[in-house]
Structure formats: structure tokens, C-alpha cells
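Student: Order-wise, the sequence lines are chains Y and E. Those letters in the first sequence? Residues 1 to 701, per our numbering, in order. Those letters in the second sequence? Residues 702 to 1068, per our numbering, in order.
Among the hints, erroneous ones may be present.
[Claimed, not checked] With a Cα cut of at most 25 angstroms, we get these calculated DSS-like pairs of lysine-lysine: (1) E:Lys1023 x Y:Lys657; (2) E:Lys1023 x E:Lys1009; (3) E:Lys1009 x Y:Lys657; (4) Y:Lys657 x E:Lys721; (5) E:Lys729 x Y:Lys655.
The hints are simulated quantities; they were obtained by calculation from the structure and are not laboratory data. Please read all numbers here as calculations on a predicted model, not as lab measurements.
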Amino acid sequence: MAKKKADAGPKAGRKSSAGTQLDLLPPAAPAKGARKSPPAGPAATKAPAARAAKAPPAKAPTAKAPAKAKAVRSHRELEELRDEPPAPPELAPPKLRRKATAEQMAQRQREISVSEFFSKNRHLLGFDSPTKALLTTVKEAVDNSLDACEESGILPEIVVEIRGEGDRWIVSVEDNGPGIVKAQVPKIFGKLLYGSKFHRLKQSRGQQGIGISAAAMYGQITTGKPVQVWTKTGKGRPAHKLEIQLDTRRNVPVVLSDEELDLAKDHGTRVEIEMQADYSRGQRYLLRYVEQTVLANPHLAMTFKRPNAEPLHFPRAANEPPKEALEIKPHPYGVEVGTLMLMAKESKSRDVRSFLQNEFSRVSGGVADEILAAAGLKKSLRTAQLADDRDLAEKLRKGILDTRIMAPSTNCLSPIGDELIRQGLISFLSVVEDEAEEPELDLFEGKAGSRRGKRKAPEKTSEEKLAELEKAAADTVPPEPGEEIIKGKKFFIVSSTRPPKVYRGNPFQVEVGLAYGGDWPQDRTIELYRFANRVPLLFQRGACGITDAVTKTDWKKYELQQPRGGLPVGPMSLLVHIASVWVPFTSESKEAIAHYPELLAEIRLALQDCGRKLAAFIRKRKAAAYELKRRSIFELYIEEVSRSLHELTGADRAKVKDDLLELAREVTGGEETDEILDRVAEKQQRKRRRSDEEMEMEEER
Amino acid sequence: MATRDQQAKKTLAKIEALAKGVVQDVKKRKSPRLTVPLRTLSNVHFNAKRKIIELGKDRQDRAFFNVAQAKKFMQTFLVASACKELLEVGKTTSIRDLYYMTKHTLGDTKQNTFEEQDESDPIIEDLEVTVDALREELHLFANRKGLMVGPMTIIDSGDTIDLRRQGSGGWGVPSIVEPSVISFGKHEAKYVLLVEKEAVWSRFNEDKYWKKEQCMLIHGGGQPPRGVRRLVQRMHAELKLPVYVLVDNDPWGFYIYSVVKQGSINLAYESMRMAVPGARFVGISSFDPERYKLPEETAIRMDEGDHKRIKQMLEYPWFENKKWRRELEAMAKNGKKYEIEALSRRGISFITEEYLPKKLRDKDYLE
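Looking at chain Y on its own, in the form it has when it is part of the complex:
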């Protein structure tokens, strides 16, 4: 499943050997968290246990809600600082620093059991309800697979399967990834907070290394069943099947069984977790997750096997793996004082000048000199001094901000790309439109059912025929540039990728894709799909900066309706993707993007670009429909006028009529409209022929 996890660096090893796996919090955060919550019992304040319990990543929204920027920053700190358990002295409240107290307390400090932590905090990990448990498990497994495949340059092929009944379900996720070295399997699936992505500044999906093992533990707690893992790392190598249980008290994996077996595929991993869950209520979210993941990952081939339904196959829309996102060093502008000090502590550089050059991007010797000069610090300042002196660090930080430093390189970003967004939307719609045939799925909150409210009228009036004609005409017109025929319906698809931008030293890039048309209803709010680093954001739509940017765009300019302060209304789906080494989420639950003006402005620019193209398309189509309508009105009246003129003047009725029809043709788009009508006629004839043939076959039988 995750090669990445397999080769988790020496840091992780170092940390686990220190026996403080639960100390998952950056020191800065727990200090705050701990202070805010009243101490629970004697072992409170500074004990690692208390820290672990109070400030795992997802906790942040409540603990740090007032300062969004900080909440987000801590996410990065997590990555960088996790290895260093002790609290940075300058951030901890003074009373916690009294050595005597700490020593006394140390007597009472003991390791908290993982299961205790977990059962108290499952909501932080996405297991707060049986409905959400399935989604979280699938999401963690799929994210891992995708990250691993991307890193090893494999085009991913993932099979997600849900089986079971009632409240017992098995989640199975299988990939064609690089596989996992057997020795690493137990730790990855049977130990919390073991991973490779935590320590790097890079655009990736997963981060904390908590997800899949938490899912395994959730399964174990609710069913008592171990997690099962099949993995194979290469052709000719043996495959392994392992059953792993978590020793929840000590947070160590226990391998229950280990057998060697043959697997047909060359490499890949499959994980199966049995758990208590609510599939009937959770399926909607699962489906959305799967579909939207496919949408944002056009290089992914995905199969979703569901209980009591046909499996969904999403074919690969792109045969190139995405450009691999490169790991970058932090840019000085984005680093805050606490981080600076910790980095200094970790650094092998002897003096601050080389520390700046080695640990940050875009800092040359000259730039480092400028920074030091601006900060009023000596060139010979030693890194160790910086690590211990908050004042020095403050000065350095100020010096950094006063110095002009080149923006970070943006090659660390891996956007989906204009063309692939297009392909992704096409393949997404191909499958989703099929789905709409099954109204019981209720995929888009009732859309599916109502969309196909076909009713056979006994007699068609000309108005109805005109409406049909218009529709048929729209269907027969060869696709305009940008239009795609998907399952017999036409969609206008357009996308826009903004150039990379930098905010606070963090490169980011915005992409927008838009699909319009089909037979989606005209009077409904559009579908908005939000993504961050190719991961769909399924919740907290209202709190998200992306939603904000969409509602603040004037869609009326682009021929859509839009209620005041709301999302636009019309037959449209909108995809917004933000790629960044560091996505500014509103909270650690990673469900909504923060409202950064720079980010919102970029989103709006991309939306406007797509909007302009959409408007041009809609206007063109409206004009064609208008000509069609005009002609049909004139033709209706020509009958009357030619009769009256004949009665009044004795002129030849047929001749007058022909002349008028010819005039009508000229004034209503001439040949273009003719062509539309010809195509409609041809189509109708084909239809008639087909039904005639069917009738004959009926009769023969």
C-alpha cells in the first residue's frame, strides 16, 4: 500500500525508540492546549499523556480557533517539529517551567494507552460515527495508495470494495502500488503515528501517519478482528499475507499470522478491515469521495464494488502519471519565530549565516548577509545561540521580513493541468451520468430521480414540438469547441489553471474546471466540488474559502442566475482545486480552506476565466435557439397570412406561401438554421425507422 511508509526515515525510528509515540504534538501547540483545558487529574499539565490526549492534530480547531493563521501554521510545525518532544521553553507558560514541579509530576506521569486515547478521541480521527467510519477508512487507504503510486511513478489502479450487512462491514482497498517491505507492514498498519509524510514539506495527500492504523484500530475495537494485509513488492518476489493486531496498551503491533502466497499481480497491496459501520447512511459520502477522487486524479483507474449494486468502473482518463511534486525547503517568509528556533536547534550548521543558507530555500550567502545586517546581528552568530534566545530569533525574523528574498520555486507543485481536468470531468460524467439512471442512489440529493421525469403526452402541440425541436436541435448540432458528448448528452467543458503564486513563502496554485449542460435542471444550485492537493473536501462547504470565492463572483455576467450572496443556479458543475505544499485549512480536520485574500483572489481569477468562456458559449447557443423559435413562429403565421392574402387579392396562395417561407428562412439564420432542422429531421427519421423495425420484429414474433 504505501511504500512511503515502508521507508519511513530514521527520524521515525529514532522517535519510536524513544518511546514517546503518543507525543504527536508540536510542543508549541500542546502548551496552549494544555493551558486552555483544565487539568484532568494529577498527571495533567505537562505530561506527555495529557498532551497527547488534548492536542492531536484534529483538536486544533477548538483549541486554536481564534487565530486561523496560527492553526494552520501548527500544521506545518507538526511536520517539522514532531521529533522534538520537549516543549520549547519560550512558549511554555512560566509556571510550567518550574523544575521542581516537573520533577514531582514526573513521578505521576505514565504512558497513556492508545486505546484509551483513541476511544476518547475517535472524532478527531474521523471515526465519530458509524456513518463516517467507512468513508474515513476508504479515504485513508486510498490516499496512501495514491501517494505511494505517485512517488514510485506507477499509474494507480485501485479497487475499493465494501461487503457485509447490517452493522458489520468489511472495507477492502487494493492497489497496484509498489508494495510494502514485509518488515514494515506491522508498524504501518498496527502502530499509530508511524509514517513518512509527516516530516516533509511537500504537496501530498496524507500527512500525519495516523489514518490507516487508526482505521485498523477502530475495526479492532468494534469487532475484535485484526487487520489483514496482502502485499507484494515486485515480480518474482513472494507475496505475504499478514494478520495484525494492535496492542493498544503499548501501541505496538502484534502479528497474528504471516503466510507466504502467490499473487497474480507484480506488485501491490491490499488491506481489509472489518468494522462496525452504517453503510446505508454512509454510502452517499463514500460514493462522493470515490467519484470526486477520480475527478481530481485523472490518471487513476478506480473500481468501486458496492453491496447490492453494480460495481462502478472509472476508467483512467490520462495515461501519464502527474508530475511528481518535489520536496522543498521552507521559504524564510513563511517561518515564524518558534519554528525558527527549533530549526536552529536541529540544524547541523554552526553559524546562523550557513544555517539560513542550508535550511531555507532562496537564501544565498549574499541574502543571508543582508538578512543578518537588517536584523542587526553579527555574521558570526552561532546557531546554538539562536536556538536558545527568543530575542535573537525575533530579531532574525524581523530581519528576514525586511529583506527582499526571491519567491520560492514553484516546481514543487503538481497541478492537475487544464487538459487533464477536462479529461477528468469527461470520465467522471461518463460514469456519474450512468449512475443517475438509478434514482435510489440519490447521488446528488434528489437530482437523479427528478432529472428523468419523462412523461408521454397523448398529443403534442406545436409548442411542445418546438421545445422538443429546440432540444433535438441542441442535440444534433455538432459540438461547439469545448463541448463534449457524454452518454448522448452534450456538456460544455472548460478549465483554467492559474500560474503558481506565493503566499507567506508558500507556493500555491489554483485550478478551476467547469461542466455545463447535459440535462441537468436549470433551476438548481450548481454542484461545487472542492479539492485540496487532489483530495476532495466533502464537508463544511459553507465555511470554505472556495465557496466564498464562488459566491462572490458575479455569475450573472456569465449568463447564470445567482441569488444574492449565494452559489449560482444552473446546469453546471464546478471543480476548484488548490495545490500547495501547505494548504491553509481552517482547521486540522482539513475540510475547509481558510479565507486568505491572496488565495481567494486567485480562485476568483480562475473562475472568471472559465466564466467568460462559458458566457460566450451560452450566448451563441441562445442565439441559435432564438432563430429556431423565430422561424417556427413565422411559419405558423405564414399559413394564416397567405390564406388571408389569397382571399383579399386572389393571389396564388401556394406561391405567396412559398415566397413568405423563403423570406422567413432568410431572416432566421438561413442555412445555419436549415442545417439544424435537417439534422433534426434526419434524426427523427432514424428514430422512426428504428421503431418501425422494432414493430416488425414484434409482429414476426
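Assemble chain E onto chain Y, guided by the hints.
Tutor: Then chain E, alone, in the frame of chain Y:
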């Protein structure tokens, strides 16, 4: 005077010419269009010399190949064709009848050529102004209303009718009163009295006012129809009879007087034939209630619509007359209106025995 037949031929020629123009255009592949004189306030003006409202020169293009005008274009020829039929067989019919004659479903739609009579009536008026033929000349008439009695003999479609012997019912004024249909015989009338409504007309008839006063007594049931207006105009013009108008004391009543005297916006093109610039307003004047001591409770409080109408009327160029303005301004100031019947408070025949004779004697009227 042209006979009916000759008149019909003339009208037929006009209609056919209109249609031929369109056929020619179509043959030449020119987008067919009609030009219809505008019948709106903006296109009427008051001819101060003739003292009548006249239609201006503004015309509206009605192009067939214009989505907004196509239907009206089609309807115009539908009506024209129906009129041709009427003219050819020498029959006349009501505009309601014409609505039914021309109403049918379009092709296989749910649409009709006309949905309501409200849609066909203006088309008839458009046709009248477009071909410069009057409704009567198109052999059409509106639902008739209006009664007349008086010391006069007339010939109506060849029948001699003595208007002195019409009992309590009176002679119904037809829609078409052109010389080809109605001609005047012997009479002793000294003037024409046009009252607003039938109830008042009945009082005057029962009291044999017309006999005593030697006048033609006629009503038009509110705003008088074309037949009544045209007949009054003919009596005025051909028999040189003065015309007096008796209406309610409210803006609508006063506007009836204005229409009789100077014509209306909608039928501005008919003013020449229908307006009676010499018509006189005898009442009820806004100053009468005080002068004739009408008790307070006979008044009706004016509502917002009444006030608005007065304001609107004061803005018409043909309401420049200072005395008229005084009437309307006093009405607005009092905020009260009085029906003619309010005078009955002073006695059932007060109006025929005292009020009107005194007014005429004192020449207490507006012109």
C-alpha cells in the same frame, strides 16, 4: 350621397389595395410591413382652431418578420379578409361577432388567432386608421346602446319612424347612423339634450320634457358609443341644433362632455365626424350643489382614482379652458361628487321642471 353599395366598393378597394401592397412586397422578396398610425396620447394633438382632438402623423411599422409584431400583422389581414366577406355580401355585424368569425386555432398548436375580444377590437381600430375607412364602412358595429325621442321623423333603412311616438321605451340608436342608413325627416326640435344615463333619460321622457321644450332627448349609457355621437354630430351639423350635455358631477362625467365636444384619444381619427365643438355643458356643475342647496348627504366622497383622473385631465392640452379648470379644481377641492339623481332630493321632477329650465333660461352653462 353615396349609396351603401358604392360605399362598400370604395372600402373594398382600400382593403384590397393594402393586401396587394403586401403581395407585391413578398413577390419582390421584400420583408412585408404595414404602417399603422399611432393611436396614443403622444400622437394626438388639440387643434385649437377647429377645437377638436386630431390624430398626429406618427406611424408605427408593423413588420411581419418581427417576433413582436408578426401576430398583429397576421391578425390585421385576418380581420381585413373577414370585412371583405361582409362587404361583399352586404351585411353588417358586431365586433363581437367578428371576433368569433376570425377566431380559430393556429395549426396544431394550443394558440388561437385571437384569445380575447380585447385582442381583436384594437386590430379593427388599427385597420380603420390604416385603410382610412370607418368602422361603419367596414360593416362593423359595436354593441349598441343609447335611446332617443323627440319631435322628429327619421328614415331608418327605409322605414319611417316618428320619434314623437316611441312611448316610454324610446328609439334605439343603431351603431351605424350614416346618411346611407339614417336620414332626417320633418322636425320641430330647437336643440338636442344629451344626458349621461338611461335612468335620467327616462325621467325626462316620462315628464315629456322634450314635448314641452321641443328638444331631441338622447342618452349614450355613460360614455356614448359612436352611433350616438355621430347622430348628435349630424343633428348639430345638418339641422343646426344646439347641443346641451347633462352629466354627473365627477371627472368621468365631465370627460364625457369633453369627448362629445372635442373627440377622444382612441378615436382621434373620427373627431372630424363625431366631435361637436359647439356642445354646451349644463351640469351638474361643481358649483350647483351649493347654488341648488343639495344636502351634504347626497354627495359621494371622491376616491384616489377620481383625484388621479382629475390630475390627468388637467394635463391634457384640450383642458386649457379656464372655466373647465375651475370646474375640475373646485371638484378636487370639495373632494365630493354628485350624481344627477342627487337633484331628486329637491323633488322628483325638480330637474325637469326647475333645474334645467332655469339653467337654459339663465344661459348658465359652459362652452
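Student: Work down the list of hints and note, for each, if the structure agrees.
Tutor: Hints, verified against the model:
Restraint check for E:Lys1023 and Y:Lys657: the C-alpha separation of about 58 angstroms exceeds 25 angstroms, so the hint is violated. Only pairs whose Cα atoms come within 25 angstroms are accepted, and E:Lys1023 paired with E:Lys1009 is accepted, the gap being roughly 19 angstroms. Distance restraint check for E:Lys1009 and Y:Lys657: the Cα-Cα separation of roughly 50 angstroms exceeds the 25 angstroms cut-off, and the hinted pair is therefore not satisfied. Between the alpha carbons of Y:Lys657 and E:Lys721 the distance comes to roughly 14 angstroms, so the proposed pair stays at or under 25 angstroms and holds.
A threshold of 25 angstroms between alpha carbons decides the hint, and for E:Lys729 with Y:Lys655 the separation of about 12 angstroms falls inside it, so the pair holds.
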